[in-house]
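A.B. asks: What follows is each chain in one-letter form.
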Amino acid sequence: MHDAVADLVRDGDTVAIEGFTHLISFAAGHEIIRQGKRNLTLARLTPDLVYDQMIAAGVARKLVFSWLGNPGVGGLGAIRRRIEGEIPDQPLEIEEYSHFGMVGRYTAGAMNLPFFPLRSYFQTDLPVVNPLIRPIRSPYGDETIYAVPPLRPDVTIIHAQRASAAGDTQVWGLLGCQKEAAFAADRVIVVVEELVDEDVIRADPNRTIIPGLIVDAVVVEPWGAHPSYVQGAYDRDNRFYLDWDPISRDEAATQAWLREWVHGVEGRAGYLDKLGAERLASLRPGAAAPSGIVDYGSYR
Amino acid sequence: MHDAVADLVRDGDTVAIEGFTHLISFAAGHEIIRQGKRNLTLARLTPDLVYDQMIAAGVARKLVFSWLGNPGVGGLGAIRRRIEGEIPDQPLEIEEYSHFGMVGRYTAGAMNLPFFPLRSYFQTDLPVVNPLIRPIRSPYGDETIYAVPPLRPDVTIIHAQRASAAGDTQVWGLLGCQKEAAFAADRVIVVVEELVDEDVIRADPNRTIIPGLIVDAVVVEPWGAHPSYVQGAYDRDNRFYLDWDPISRDEAATQAWLREWVHGVEGRAGYLDKLGAERLASLRPGAAAPSGIVDYGSYR
Amino acid sequence: MTDPATFSKSEMMIVAAARALADQRVCFVGVGLPNIAVNLAKRTVAPDLELVYEAGVFGARPARLPLSIGDPTIVTGATAVVSMVELFGYYLQRGLIDVGFLGAAQIDRFGNINTTVIGDYAHPTTRLPGSGGACEIAINAREVFVIMRQSRRSFVETIDFRTSPGNLGGAADADRIRREGGWLGRGPTVVVTDLGIYHFDERGEMRLDSLHPGATLEAVRETIGWDVSVSSELAETPPPSAEELRLIREELDPGGVYTK
Amino acid sequence: MTDPATFSKSEMMIVAAARALADQRVCFVGVGLPNIAVNLAKRTVAPDLELVYEAGVFGARPARLPLSIGDPTIVTGATAVVSMVELFGYYLQRGLIDVGFLGAAQIDRFGNINTTVIGDYAHPTTRLPGSGGACEIAINAREVFVIMRQSRRSFVETIDFRTSPGNLGGAADADRIRREGGWLGRGPTVVVTDLGIYHFDERGEMRLDSLHPGATLEAVRETIGWDVSVSSELAETPPPSAEELRLIREELDPGGVYTK
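Protein chains in written order, with our numbering: chain D, 1 to 300; chain E, 1 to 300; chain L, 1 to 260; chain H, 1 to 260.
One chain only, chain D, in its complex shape (with noise of 0.2 Å):
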């Protein structure tokens, strides 16, 4: 992970760390912060708690979202007090969508299309405080609708359940728009529960959401989602979220969290060390739910 955000994300990028509730790369999060990363501008349908995080660290001066909170629980204070102000050293500029607008942004870049038409922000103020969401006329009748601007991020980092060496990527469970802001990036980072052959993936091609080819580094990193949870293999961490929100609500505890979890530990290992084995254990699903087999059949 430490080479793969090295080599790849760079001062004054453009990041999409995607996954909706689900697949979550903290471990990149984690990583981009202590490499001391700046000026970022962040996107993300839900900022999440790893942009809390990460913005409290300093890394970005401009986010981009659809949504803005810790889901189920309430706010994210480090985030908020930059919007609001109370960080004058540290200002956020914010660009904000709806989720569909989000979606949208990432399809047309992945498309390749100058903009993406949808029937969203009619009689809404988003137009009024995001001139790049803007009025488009039907070619066929006279029916005007909104458009989005493509987002083509520099630099994409999805967590998956597999991925073979060559980066071929199966994700099962939430799909988000991962597979979008992944296309529609310049590059990419892949971080994986587990490695597999590259048989395990051809055996079930159309589970593959993401070639190889688009891909520029493969990461594998076992829980690197938690607290956000993995499909089958651990649980979402409820209480991790719920314990952020008075972390998040106080700076100087944002802040001394971040000397801990963050700075203070070695790596993605460290971090799983502190949280502990019985912590882990707890977010094991109960029993499997298995998907059962369909057959491809051999044409030779």
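Just so you know, the hints here were simulated from the structure itself, not pulled from any lab data.
Remember, predicted model here, so these are calculated numbers, not experimental data.
Check the hints yourself; a few may be wrong.
What the hints assert, rightly or not - Output of the computed footprint for chain E on chain D, the stretches with three or more beta carbons under 8 Å from beta carbons of chain E:
1. 182-189
2. 284-295
As the list claims (entries may be wrong) - Per label pair, the in silico range of CB-to-CB distance:
3. H/Arg246 - E/Ala281: 46 to 52 Å
4. L/Thr125 - E/Asp142: 38 to 44 Å
5. D/Gly286 - L/Glu243: 57 to 63 Å
From the three backbone atoms N, C-alpha and C, an ideal C-beta is built for every residue, glycine too.
On the provided structure of chain D, position chains E, L and H as indicated by the hints.
C.D. replies: What follows is chains E, L and H alone, placed relative to chain D:
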């Protein structure tokens, strides 16, 4: 099948029997012929043999397509004769796009968008002969690309490996644009090799391409895609595609084939009996090629 | 613990919201209070309700109440899991969602919703989460239900920011704009609060139709920033049943996250 | 059966086309002759070539030569199988395809291609298949290879219908339009026929650079509808190797469908 077609396919409808070389519902096409439907507008990227047969039978007044041929073999004689005006009493109107244009039309229909933008058609004669392919200017910069209008079939008919009684449908292998064609449609008929318990579907929700919510009828018709194929179940009957070439070149031979193989058989069962167990057995894949199992995990 | 004689205002609100989903088929589940209300409905008045989560799930069968609307329990055993571009495009924008269930920070008499900022956008007093999927749900879901607690800060004459359109400046206005703009949704139809149940009258304005047990018109008026319209046949909301309370207290929210 | 001393013009054409794919990474495989040429390249000069089929396959490993470009053998063992909107949008239009390999019914000196009609569109002498994916491949693939047999009917001064753009009216013209229009592709770079191998000169015009064994300049000129430009260093194409012929005759096309 009889009831599904009788209830859901009406004279004058726009009908899309989709499936790109894979999962083409010949069973539905033949039933539409037997029921003598008229004045249909038939939409498909590749009309393939199924539309050559349906158009020879006189069910259609118009064809919307992007590639007209017998893949790997040659032309589609019945359609070609009507386009070239050799059958004056059966004129055939055509509306022509590229593959991405057709896919984009279904996608616009599925997303309820007034148009789909794409980077095709520049400097070609396609927009000249099809005024529905129109330029559209990006609201960002002064770039102009092209747009195609939504295609919203009255009925979309697809063939799939399996579905639940509720119509929740799963497919593996080539996906073509069946999902888009189904979501774009007013009515949907799903024909399956196998009816499965709802639990089989819910065991692997990422494999579901169409929810029962948009399905009006589920028809169980094993071998219903012959002479096209079903990944894992049976192979493409290339001999049939090769044999069709001389038949299709001759209108009398084509009509004779329809009498013998469509009107002259008792539904799909009769067609399969006539084809013979040996022919069918020869189309079974060799060894199995299992997908492997993934674990979704139980979370209580 | 499940003494039906005593229940909180939050419990009554959640129960009333769940009951409003009877006979609905497909519901888009928002984060927070809608999440527990919809899951209660699925266990009571609407067992066949198809739960749609913006995270990309159709036909979810959560074995537990998810804290977040993105949770592994909404995936395992679901009918379909799809990418978000498909969920928002092929399901919501296509018009397949019957009810979008939203929460709100501010709402006005016409059901226009603010979840973005309190104060000026550039220099907010309080920064709220923003739209998420709410903006497109309000436009494309066939109808919208709102669940939120009443207060002078939340039920206001003028919202500070319009995140999700309701009946705009009134019904006539809204109907024309929605029709001419090709919107699939008719907008907000029900608002459930901790004090009562509201529907929208022919002017597109919120009208109190049912008062919860223990709530008073005075309490309602004290917590609404405009002269609220009250139905001439004002009803009293039937109290939560023992089973409804048991489900909330023992199965859905034993920690009291939503009902505290 | 695999006597390398004797080989057909079609075999030479397929072999020459396959060799042109050496050092290429990602190839979009068109129907017909490109299909066998690309599969031969995968077995000879370009074992790591990623085969992309418009049907929705990336990284195909066909165990047999598919008659159609949609065949179960291109799916089993592939790296990824995706919907066509993704294949055309996320792969081709995104610019991930290095070479688009096309066939054609008519081509002009600038590599503009017709696969739609011979004669008038409304009243065609011969109705051809149409674009399929060719139009978008010609615009979005980084470069385009063409494989087709020469004849006065196919190599024409003016094509009857422009299905897929090549160098338009010439290089200057084409470069400007492709740049200003934001096209990702630079257009046609190689044309392989049954008589020789052509590249495009600085004017964007086809130039014969290599003549196949047994072919003559006379035969070339007799089968081209314009005064074709010939390289000052005209080379002779090395004949097919025994192994190349064995692969075509025994593995790829035992039925002689492509080589008859």
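A.B. asks: So, for every hint listed, does it hold in this structure?
C.D. replies: Here's how the hints hold up against the structure:
1. With 0 residues bearing a CB less than 8 Å from a CB of chain E, the stretch 182-189 of chain D misses the requirement of three and the coverage assertion fails.
2. Counting residues of the stretch 284-295 of chain D whose CB lies closer than 8 Å to any CB of chain E gives 11, which reaches the minimum of 3, so the coverage claim holds.
3. Against the hinted window of 46 to 52 Å, the Cβ-Cβ separation of H/Arg246 and E/Ala281 comes to about 31 Å, which falls outside the hint.
4. Distance hint check: the CB atoms of L/Thr125 and E/Asp142 are about 40 Å apart, consistent with the given range 38 to 44 Å.
5. Look at D/Gly286 against L/Glu243: about 26 Å separates their beta carbons, and that is not inside 57 to 63 Å.
Hint check: violations occur at hints 1, 3, 5; the rest are consistent with the structure.
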